[in-house]
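Asks: Here is how the chains run, residue by residue.
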Amino acid sequence: MTTQVADPGRVPDAPLVAPGDNGGLHNVFRQRYLLRLLVRKELQARYQGSVLGLLWSYVLPLVRFLAYFLVIGFIFNMTRGMTNFAIHIFTGLVMVHYFTETFSSGTRSIVKNKGLVRKMSLPREMFPVAAMLVSAYHTIPQLVILVVGVALTGWSPEPLDFAAGLLGFSIIAVFGMGLALIFSAANVFFKDFQNIVQTFTIFVTWSVPMIYPYDRIADLFEGTWVEQAYLANPIANGVILFQQLFWVPTVGPDAEYPAVMPDHLFTRGLIVLAACLVLLAVAQWIFTRLEGKFAERL
Amino acid sequence: MTESIVVQDVSKRFTMQYTRTIKEMSIAALRRQPLKDTFLAVNDVSFTAHQGESIGLMGLNGSGKSTLLKLISGVMKPDTGKVLTRGRIAGLIAAGAGFHHQLTGRENVFLNAAILGMSEAETKRKFDQIVDFADVGKFLDTPVGHYSSGMSARLGFAVAAFAESDIFLADEVLAVGDRPFKKKCMARMQEIKAEGRTLFYVSHSPGSVRKMCDRALVLEKGVLAFDGPVAEGIRFLKYDTDNEDDETIADDEIGADI
Chain E
1 MTTQVADPGR VPDAPLVAPG DNGGLHNVFR QRYLLRLLVR KELQARYQGS VLGLLWSYVL
61 PLVRFLAYFL VIGFIFNMTR GMTNFAIHIF TGLVMVHYFT ETFSSGTRSI VKNKGLVRKM
121 SLPREMFPVA AMLVSAYHTI PQLVILVVGV ALTGWSPEPL DFAAGLLGFS IIAVFGMGLA
181 LIFSAANVFF KDFQNIVQTF TIFVTWSVPM IYPYDRIADL FEGTWVEQAY LANPIANGVI
241 LFQQLFWVPT VGPDAEYPAV MPDHLFTRGL IVLAACLVLL AVAQWIFTRL EGKFAERL
Chain B
1001 MTESIVVQDV SKRFTMQYTR TIKEMSIAAL RRQPLKDTFL AVNDVSFTAH QGESIGLMGL
1061 NGSGKSTLLK LISGVMKPDT GKVLTRGRIA GLIAAGAGFH HQLTGRENVF LNAAILGMSE
1121 AETKRKFDQI VDFADVGKFL DTPVGHYSSG MSARLGFAVA AFAESDIFLA DEVLAVGDRP
1181 FKKKCMARMQ EIKAEGRTLF YVSHSPGSVR KMCDRALVLE KGVLAFDGPV AEGIRFLKYD
1241 TDNEDDETIA DDEIGADI
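Protein chains in written order, with our numbering: chain E, 1 to 298; chain B, 1001 to 1258.
Okay, chain B solo, but in the shape it has when bound (with noise of 0.2 Å):
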C-alpha cells in the first residue's frame, strides 16, 4: 500500500488578536484585558491514509476539521509537526472554492483549474463536463460575486471534482446544496472514489460517511479522538443515539437514500 497523506504529530496554534490599533491596545492594557488570546486549532494530531483510502473526518463545530484539511491542501502550514502528501491534491475547502467575485464563473474555472495544476487544453476539454454538472445555466458569464452561495459552491465542487487529482478534499459540500445537488455530489464522490483516489471527506450526516468512506476519524477540540471503522466513529459521536431530533433523521435519510 503506498502512502498517500502522511500527518505526523500536527500541531496547529492560532493567535486571536483583540486589539488592532494603538488606541484600541492602550485602552485594553489600561483595563489589564487581555491584548490577544491562543487557541489550539489542531492538537497533536497523527494518522496516515493510504492512496485510494477513503476517510470520513467527522466532529463539531470548531473542532479543526477545516483547519486539518488546509493543513492537508498546504493552504495552512503546520507549527510544528509534518505533513507529507503524495500527488495532486484538488478539493473544496470550508463549504467554497477560492473564487474571484468580480470574474465571471467561466473565468473563475480557467483560473481555479490553472491553480489545481490543469493547462489550458485539460480545462478546455473538461469544460463542457464542469458546467454541466454544475448547471449554473446562464449565470456562467455572469460575475461570481452575484451567485447564491449554492451556486458558487456547485461551480466550485464541479472544477474540483473534474480536476486531475490523486487526493480529494471535500469539505461539507453537502452543506449548502440543494437536494438534488447533493445526490449529484454523492454519485460523482462514488466515482473519485471508484478510481482509487484518497478521498478526505467532511460531514456531519453520518448516513453519508457510512456510505462515503471506509474510515472515520473524530476530531474532539482539535484532538484526534477516534480512528477506525465509520460504524464505530459514528457511534463514538452519538450521532446515531439522538433519534428524536429531527434534523439528524432528515440528515441521515440524505445519505441513506442515495
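Next up, chain E with everything else stripped away, as it sits in the complex (with noise of 0.2 Å):
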C-alpha cells in the first residue's frame, strides 16, 4: 500500500469536524450571498411561464381588496360607520398577505427545492429565510400603494407610529418564519401539513381587525377574556401595530368616527414579539431535530 504524503502545503488550516454541521439561522444570514443567489432564483421561478409575471401579486391582494371593500364597505354598510374604510382593510391586507405568502411558500420551501437537499451540504433553513425574504420583497410596491393613498387622505403620523408599525411588521415577520420553519420540516415527512396551512390561512382573514374595526370586538367582549385571547394572537398585533401607523393618523381626532385601538399597543406588541422571538428559537430546534432525516426521506 503506497499511501501517498500531503503536500504540507495542501493541508488544510482547519479542524476536524462533523461535515454538514451548518445549519442554524445565524449561518444563513452569514453566507448571503449564497442567501442573495436563492432570493433571485425564487423570484424568478414564482411565476415563471406566466405572461403577467410578478404583477400577479398584485392581482391577488387587489382582487381580495376589492371584494372586501365593495362586499363588506357597501352591501354590509360599513364604509358608513367607519373613517377610512378602504385604507383600514388594505394596511391589514398588507400585512396579511405578507403573513400568508410567507407561511405557505416557506412551508413548501424545503419539497421544492429538494434537488439541492438531498444532494448538497448548505445550511437547510436558507430555503424558508428565502421564501420569507421573497414575501417580504413582494410587500414593497403594496407598501408604495399604501404610502400613495394614506397621503391622499392626508396622513400625519407621529415619530412614535413609525416605531409602531415596524414592531407590527417584526411581530409578522418572525410569527411567519418561525411556523414556517416547523412546518417546511414536518411538510417532508407529510404533505398534509401544506393543505393544513392553506386551511390556516382562511382563517386568519376573520381573525384580525381588517374587515372589521376592532372596535366590534371591543363593543362584544370588553373587559372579557376573549378579547384577550384575540389580542394574544400575533397577526392581529402586527396588523393592529400597522393601523397605527398607516390607518390612525388618517383619521384624525375629530372624525365622527374616531379611531378606537387597544390599549398598552406597545406593552402588548412588545411582550408578544418577545413571544414569537421564543417560537422562533423553539422552531430552531425542532428543524434541527428533523433536518438529518431530509435527505433520505424527500
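For the record, the hints were derived by calculation from the structure and aren't laboratory data. Think of the CB as a built atom: it goes at the ideal place given N, C-alpha and C, for glycine as much as any other residue. Treat the hints with care, as some may be off.
[Said to hold, decoys possible] Computed cross-link-like contacts, DSS-like style, restricted to lysine-lysine with a CA-CA straight-line distance of at most 27 Å: (1) B/Lys1183 with B/Lys1124; (2) E/Lys41 with B/Lys1126; (3) B/Lys1126 with B/Lys1082; (4) B/Lys1124 with E/Lys41; (5) B/Lys1211 with E/Lys293; (6) E/Lys293 with B/Lys1023; (7) B/Lys1138 with E/Lys41; (8) B/Lys1184 with E/Lys191; (9) E/Lys293 with E/Lys41; (10) B/Lys1036 with B/Lys1126; (11) B/Lys1221 with B/Lys1238; (12) B/Lys1023 with E/Lys112; (13) B/Lys1183 with E/Lys114; (14) B/Lys1182 with B/Lys1126; (15) B/Lys1183 with B/Lys1193; (16) B/Lys1082 with E/Lys293; (17) B/Lys1238 with E/Lys293; (18) B/Lys1126 with B/Lys1183; (19) E/Lys114 with B/Lys1238; (20) E/Lys112 with B/Lys1221; (21) E/Lys41 with E/Lys114; (22) B/Lys1036 with E/Lys191; (23) B/Lys1184 with B/Lys1124; (24) B/Lys1221 with B/Lys1211; (25) E/Lys114 with E/Lys191.
[Said to hold, decoys possible] Where chain E lies over chain B, by a calculated footprint (3+ residues, C-beta under 8 Å): (26) 1074 to 1082; (27) 1102 to 1113.
Take each chain as given, in its own frame, and dock them per the hints.
Replies: As C-alpha cells, then:
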C-alpha cells in the first residue's frame, strides 16, 4: 500500500468537524451571497412561464381588497360607521398577505428544493428564510400603493407611529418565519401540512381587525377573556400596530367615527414580539432535530 | 500525516414506509402486512483517510456506497457513530449535482458554486474554465431541466472539479458520460489528486480505480468488507475473474486506456 504523503502546503488549516454541521439561522445570514442567489432564483421561479409574471402578486391582493371593500363596505354598510375604511382594509391586507405568503411558500420551500437538499450540504434554513424574504420583497410595491393612498387622504403620523409600524412588521416576520421553519420540516414527512397551512390562512383573514374595526371586538367582548385571547394573536397585533402607523393618523381626533385601538399597544406588542422570538428559537430546535432525515425522506 | 476523513463506527438505518395514507395504513393493518420496514444501509463502518490519499470505493449496486458518500459530504447524518472531515468538500453524489431544473446552466453554475463556498468573484474567475470543461455549448442559457443526463452530469462535475476543496467526492461520474468526457474526467481527477486533495472515488470500473487510487474500500451490504491495496480489493470483489463478461472488459479498457 503506497499511501501518498500530503504536501504540507495542501493540508487544510481547519479542524476536524462533523460535515454538514452548518445549519442554524445565524449561518444563513453569514452566507449572504448564497442567500441572495436563492432569493433571486425564487423571484424568477415563482411566476415563470406566466405572461403577467410578477404582476400576479398584486392581482391577488387587489382582488381580495376589492371584494372586501365592496361586499363588507357597501353591502354590509361598513363604510358608514368608519372613517377611511378602504385604508383600514388595505393596511390589514398588506400584513395578512405578507404573513400568509411567508407561511405557505415557506412551508413548501424544502420540498420544492429537494434537488438541492438531497445532494448538497448547505444550511437548510436557507429555503424558508429565502421564502420569507421573497414575500417581504413583494410587499414593497403594496406599501408604495398604501403610502400614496394615505398621503391622498391626509396622513400625519407621529414619530412613535413609525415605531408601531416597525414593531408590527417585525412581529409578522418573526411569527411567519417561526411557523414556516416548523412546517417546512414537517412537510417533508407528511405533505398534509401544506394543506393544513392553506386551511389556516383562510382563518387568518377573519381573526384580525381588517374587514371589521377593532371597535366591534371591544363592543362585544370588552374586559373579557375573549378580548385578551383575540389580542394574544400575533397577526392581530401586527395588523393593529401597522394600522397605528397608516390608518389611525388618517382618521384624526375630530373625525365623526374616531379610531378605536386597544390600550397598551406597545407593551403588548413587545411582549408578543418576545413570545414570537421564543417560538422562533423552538422552531429552530425542532427544525434541527428533523433536518437529519430530510435527505432520505425526500 | 493529517487525518482528512475519520469515520468511526458509523451506521445508517433507513426506514421504508410502505403506506403513506390512513386508508393504506388501515388496509395494511387489516391484512396484517407490515406498515414499514427498516434496513441498515451502512453497518458499523470505520476507517480513516489521510490528506492526499485517494480511495476507491467499490461494491455492488445497493451496497451503501452513495449513502456513505452522503454521510461524508454531510447531506445525511449517521444514526450512530461519527463522521469527521477537515476542510472544504466538493463533489458529485449519485452521478449528478444538486441542480435547479428551472434555472439555466449558467445560473446553476453560480448557485452550485456558492453552495460549495465560492464567492461571486471566485466563480466569475473560474467560470470560463468550468464552461469549457462541461462543454454544454449553446445550452448554457437553457434551463437545466432540458439537459440530457450526460450534459447535466458534465456541468455538475465541472463545477465541483474547479471549486476550491480539500476533499473531492466523485460518485459514478463515469457512469453517464460519453467516452471523450470520461477521459477528460479522469485527467481532471488526476490533477485533483496531484494537488494533494483527498479523493474519494466510487466506480464499478476496476481499471479506473487501479489508475486513480492507492487504496480500496469494498462495501458489501453496508459492511466494510475490505480495506487495503487496490489490486487485492479488485480481486476481493472478483471483478477481475469475470473475463468472459464483455462488459467487464469494456469497463476495464475505459480505465486502462487513459
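Asks: Looking back at the numbered hints, which does the structure fail to meet, lowest number first?
Replies: Checked against the structure, the hints that fail are numbers 3, 5, 8, 10, 13, 17, 19 and 20, while the rest are satisfied.
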